[in-house]
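Engineer: With this note's numbering, the residue at position 71 of the sequence shown is 670, and numbering never jumps.
Hint data in this document are derived by calculation from the structure and do not stem from the laboratory.
Do not rely on the hints blindly, as some may be mistaken.
Think about it this way: if two alpha-carbon atoms lie no more than 30 Å apart in a straight line, the pair counts; the simulated BS3-like pairs of lysine-lysine are [stated by the list, open to error]:
{"id": "1", "residue 1": "K657", "residue 2": "K608"}
{"id": "2", "residue 1": "K639", "residue 2": "K657"}
{"id": "3", "residue 1": "K639", "residue 2": "K608"}
On a predicted model such as this, the values are computed, not experimentally measured, just so you know.
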Amino acid sequence: MTTAISTEKVQIGSWVTFADEEDNRQRVHLVGEDQADAAKGLINWGSPLGRALIGAQKGDEVVWERPAGNQSIEILLIEPDA
């Protein structure tokens with residue numbers, strides 16, 4: 600897996616903190632399919648959430664396409680893989 604070094608743009612390996620419309624915050628780590636574990640916040644970059652986050656920048660609002668309905672989320676913080 601590639602180690603993320605950017606704090607400007609979400610990439611594989613990034614830790615991302617985002618908030619939904621009700622300001623519920625969540626922190627996730629974008630990883631490869633073989634490392635994904637949603638219960639631990641390890642999100643497959645190819646999943647609907649991962650695809651919504653990849654390439655986004657701090658302050659961006661993106662649409663998370665979920666089976667329960669689309670949700671708008673705002674990128675609050677991007678951290679490199681430590």
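Engineer: Now, for every hint given, state plainly whether the structure supports it.
Structural biologist: Now the hints, each set against the structure:
1. K657 with K608: At roughly 7 Å apart (the allowed maximum being 30 Å), K608 and K657 satisfy the hint.
2. K639 with K657: 23 Å, holds
3. K639 with K608: With Cα atoms ~22 Å apart, K639 and K608 stay inside 30 Å; holds.
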